[in-house]
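S.K.: One-letter residues, chain by chain:
Protein chains: 2
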Amino acid sequence: MTADVAERVDNSSLLSRALLSPRSVAIVGASADPSKTSSRPQRYLRKHGFEGTIHLVNPGRSEILGEKVYPDIRSIGAPVDQAFIMVQADLVPGVVEQCGAAGIPCATILSDGFSESGATGRDKQRQLVDRARAAGVRLLGPNSIGIINAQDRIALSVSATLTGETLLPGRLSVISQSGSAIGMLLSRAQSRGIGFSVLVSVGNESDIGVGEIGEMVVDREDTDAVLLFLETVRDGAAFARMARHAYARGKPVVAFVLGKSAVGQEISALHTGALATDYASIDAFLRDHGVLRIEMLETLFEIPDLVKGRTPPTGRAVSIVTTTGGGGAMVADRLAGAGVNVVPPADSVIARLAKRGIAIKKAPLVDLTLAGVRQDVYGSVLGELVEAGEADLVVAVVGASAQFHPEHAVAPVLRHRSSRVPVAAFLTPEAPQSLHHLAGGGIAAFRTPETCADAVLAFFNWRPPRPEADAALAAEIQARIGPLSLTGALNEVESRDLLGKLGVTSVASRVVVNLDELEELDDGVTFPVALKILSRDVPHKTDAGGVALNISNALELRKASREMLARVRAACPSARIEGLLVQPMVRGVGEALVGFRRSASLGPIVTVAAGGVLTEIHRDFACATAPVDLTGAREMIERVRSFELIRGYRRQKRGDCEALAHVVRAMSLLALVPSVTEAEINPVMVMEEGRGVVAVDGLVVAYPAQSSSGGSETDG
Amino acid sequence: MTADVAERVDNSSLLSRALLSPRSVAIVGASADPSKTSSRPQRYLRKHGFEGTIHLVNPGRSEILGEKVYPDIRSIGAPVDQAFIMVQADLVPGVVEQCGAAGIPCATILSDGFSESGATGRDKQRQLVDRARAAGVRLLGPNSIGIINAQDRIALSVSATLTGETLLPGRLSVISQSGSAIGMLLSRAQSRGIGFSVLVSVGNESDIGVGEIGEMVVDREDTDAVLLFLETVRDGAAFARMARHAYARGKPVVAFVLGKSAVGQEISALHTGALATDYASIDAFLRDHGVLRIEMLETLFEIPDLVKGRTPPTGRAVSIVTTTGGGGAMVADRLAGAGVNVVPPADSVIARLAKRGIAIKKAPLVDLTLAGVRQDVYGSVLGELVEAGEADLVVAVVGASAQFHPEHAVAPVLRHRSSRVPVAAFLTPEAPQSLHHLAGGGIAAFRTPETCADAVLAFFNWRPPRPEADAALAAEIQARIGPLSLTGALNEVESRDLLGKLGVTSVASRVVVNLDELEELDDGVTFPVALKILSRDVPHKTDAGGVALNISNALELRKASREMLARVRAACPSARIEGLLVQPMVRGVGEALVGFRRSASLGPIVTVAAGGVLTEIHRDFACATAPVDLTGAREMIERVRSFELIRGYRRQKRGDCEALAHVVRAMSLLALVPSVTEAEINPVMVMEEGRGVVAVDGLVVAYPAQSSSGGSETDG
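Chains as they are written, first to last, in the working numbering: chain A, 1 to 716; chain B, 1 to 716.
For the record, the hints were derived by calculation from the structure and aren't laboratory data. Watch out, some of these pointers could steer you wrong.
As the list claims (entries may be wrong) - Covered by chain A, according to a simulated footprint, are these stretches of chain B (three or more residues, beta-carbon under 8 Å): (1) 155-167; (2) 448-458; (3) 496-509.
As the list claims (entries may be wrong) - Residues of chain B clear of chain A, computed beta-carbon distances all greater than 12 Å: (4) L186; (5) S191; (6) R192; (7) G327; (8) G337; (9) P429; (10) V525; (11) R569.
Backbone N, C-alpha and C fix where the C-beta goes; we use that ideal spot for every residue, glycine too.
For reference, chain A alone in the conformation it holds in the complex:
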């Protein structure tokens, strides 16, 4: 370990201790009025048994609830790990500077009025961060409701749930961009006997963000899984580091993300002050970094035991055993509808069970209603299904016996905590004690058929994190495409040439610089052809009237050329027109769109979709972070439902999906070059299987190399 690295690790673990396990805190802006939020940290710390030192700070009081109050930070005169700041926005920077002067390493800021409140607030936040850096103080917030450390009984938070709840120590940690999610999760999980290690509200993430805290949390010995409640991802790089670190340590990261809808994104932007980033990009980013994505609130704390210490499945098959038809069917129906294979038991399993006098049917649901709810039956069947190797996961559904006779079917489930494939339990009745038992026994138990299916689906959609972006690969690609002398949009020929260097086959085309050339072109051209304007200043050719298709003879071509030039000149008077492009019409068995764009926070996001406007209406596309390897590209194509058309749907001709995967891969490599801002091929014509694909258009936008830190913001 070099001295630098050693110091960084040391700093990081010091910060982790000060932030998540402080032994001495200063509460700035403490109030004696119990109706005020600012009275809470003191009360909650005491109520939940904080064993460290509390220093109250408020210039207007000398005592609150019998405890001494200091007029300011500097008067404390004792070492402090963390300040919790609740004063009004304008006073915060001064307090932070006092923290610096007093050697306090970090401050959590509850105060609002920063970036979540508009332009002025954003300026204030920037100034605050600058002054905190200068003072050597790290910040959590602003707009953070604080941290709760249930293991060490530190309730340094204003979360109202602390009023009545008793903290239950456990092995899950929560990091949330929404303050209110902390209370939701704490109270709901604890009522199920599921406790927490630390719960952190990150607020505006002006300084310390989800990624950095995540790394600290992953390193905690008392944490087995990290649960995220997200409205956006602000610092993709830090997040990616955390996610890889967690995966390497076998600690699953599970995320609930708000903002699928436009309204949801609007609300998130109002809450967090962050620019809205489209959900599809965030979802792709999380998937590609090994994060499990769930859709329902309670799945967050129900899923960890299903995945902790495990790796993503290779298949997509589930077995379901149940003591009761309806409940099992509810889970099966949801899973099958989402594309999970609900598989019947193997013949060998049926035969082995038959030998032991247990008759089960070859049906998707292994329904033991008739076999009777007896421990030996249920346990035997469950054991066989787990060991059979047909399924990547087994769902154990238990009916009314979960209420009154947990020894019948709940007890056998408890044996499968560490079985070869994970076992998820769903109890059909209200059975709080059995849920507690299962949670205590390390079995993921689900209260509703919906969260059970949600978790199983998340498991099947779980992937290992992609390897880290490889600087050598980026340099190699950069070298292959050569220096980019231009900035802004390249014209179609330049764009396709550049893509060609990465192995993308394009349609042959002729450039005509003046109309006289058209006369000589005749014999070299096979009609019908497409005619397009060639100009760096007209990246959106169709909108400007710069595309004409299916031109069937020379006469038409000349006419179309004259008309196109007139149209484009009228539409874009200042555009420098470099010529006209004549291309043979290419017909494939399908069309695709392949492109990438950069998100300021997430980096390059590659997209593949079937061509045509219905793709947008049905939101039928797949996204991934670059680079995408061939396996990843194939999976992306697999996720696009419209590509059923080139996968042989209804005996239509199969398209060359493999060649399309190579184009997706190539596009993702181009995305590694920082000076390329965005690129798109629309359409790629997909030929019959084995005959490749052909780019019939192409657009590459380049910027000077300075934008290597992530490129321009395209999320807005």
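Starting from the known structure of chain A, fit chain B onto it as the hints suggest.
M.R.: Only chain B this time, still in chain A's reference frame:
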């Protein structure tokens, strides 16, 4: 009331009493072994305080648990309301006949081995029903786990949930095709303080089905809402009667339906022995009969207070007020994603609240986090939103105060039980007492953001039941289309002529009977044209090579004609070819498919979809029961997402959706004619707005009038 009707009502209410509120029961096949299911009815009846008479029947015993046992029904010698039969399948008919002889009006049959178990079982069930009819005994089941009447403390059921639960009387009734759903719902709802009137397991519905029991239940004074757990709909006519009756009495019917996926349908078919009916048809049938359809288990008992005594909304706007950002956002995001308008408060509301010192923003989520959680603030804002008239429903989200200070935000919600627009409550923390309070106060309270959004969405998708099929209208349509002399598939010309009688405009076309005619055709034809085979024996023309499009001149036409005749003769050697059809190619701004087919249980189901194969892949179509009025037809078109293309998406030309609605209406009228089995127009070309639509194909299949009871089964 005529004597007939009076007798029917009288019989029905006698049956209702005997079935749902029996005062004297015979338990046939009772067992003394507590590990046996057949020991349960006696134990459960006693445990839950049955006040009537229990007659145990078992030829092998004289006493069970201290109670006398009769060797058979006839020995009882006292009036009995209902027999509960648990003997093996082969003995059931004999017992039922004894019931008849003893004057017992109805029997509930737990025994399995009937239609759910295959062909032999189906035969057994048919014979059982015949013998029961002859004996004058009405049947519930087989495969019914019985009835629970919580109001009258009658636990005539083997549902294992009765082992521990105490019955909580309430005003919801459940009818379930899944026996296990009874226990799931009972235990979960009761834990929330929500009780039941009656819960009925209908089993195989060999005689008394969901519709008939539903009518009895709706007529109970102690029932406010009917909750259905369905795997299929067996008797559409009886179901429709029940649903209309319930709607007329202001008692909502809410349904959860299993079987969205193919696996789910397979499981349902195995459970119920019923033929699988596709989910889309069942969903359309339920919608068109005023049934609320929900997707999550607990929504079933959470939703009733939101809808009871109300009528479906006219708009699709929701206001959401919350004391906490994240929880409100979860509901808002789900609703907006499903197409509900999450509307910000009206300016007038903001202004009125400002006058009272309450500042709220013009944002989709009315977030009172900063305004503070005080009863006067929350109550005032909620009151204003409810009264404003902007929204058709208001969601009240309450955060941590729901746990410890229900007086702050839960109490104000309780004032809105009978407000002008319904109020749904979602509590973000675990807050069982507040959930109890709200349930007790008649407010629909939701435990999770997901069920809350599910219920709100169900409310917005709720429609009044369609008027009953009108015999006069059917006769009028029959008269308009005239007698159908043919049976089987009509050819395209006949099909389009028939549709023309109902106002559907078709493309002009020329029939060519022999190829010589083609020579004379030339001057009357505008190329390009389509050429099609005309034959009643080739209903699927494309598959047989009987369609050629875009023929551009006379020479091509003659060539295409010869080739087509050869192709079709090869593909369908026995087909009688009636000629060739020459049609101008019609180009619209979009294409649609409109058709109907008959379901044995549900009657005719009309479908509209955008043309093309992607419609199938994306499952993008809308179904409804016939007849469909113009409003209904417009709504169907609105539900098809691909029709965005003709609704002006991205400034594309708008299509004539109104003319398309008329075709949907016409198709639904044709469906009223019993002798028409199915019909389809594929495609209907949709012209620019105001220019109508044109059928360019058509297929009508007719059968002799005998099939008026529902036509052939097309669900299989």
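S.K.: Each hint: holds or not?
M.R.: Verification of the hints:
Requiring three or more residues with a Cβ within less than 8 Å of a Cβ of chain A, the coverage given for the region 155-167 of chain B holds, as 6 such residues are present. Only residues whose C-beta sits within less than 8 Å of a C-beta in chain A count toward coverage, and the region 448-458 of chain B has 3 of them, enough to reach three; the restraint holds. Residue count for the region 496-509 of chain B with a Cβ under 8 Å from a Cβ of chain A: 0. That is fewer than the three needed, and the coverage hint is violated. Non-interface status of L186(B) relative to chain A is broken: a Cβ of that chain comes within 12 Å, the nearest being about 8 Å off.
Separation of S191(B) from chain A is inadequate, the least Cβ-Cβ distance of about 4 Å not exceeding the 12 Å criterion. The Cβ of R192(B) sits about 9 Å from the closest Cβ of chain A, inside the 12 Å cut-off, so the non-interface label is violated. Chain A draws G327(B) into its interface by the beta-carbon criterion, the shortest separation being 6 Å against a cut-off of 12 Å. Not every CB of chain A is more than 12 Å from the CB of G337(B) (nearest about 4 Å), against its label as outside the interface.
A beta-carbon of chain A is positioned within 12 Å of the beta-carbon of P429(B); the least distance is around 4 Å. Here V525(B) stays apart from chain A, with its beta-carbon at least about 22 Å from theirs, past the 12 Å limit. Its beta-carbon lying about 22 Å from the closest one in chain A, R569(B) satisfies the requirement of being farther than 12 Å from that chain.
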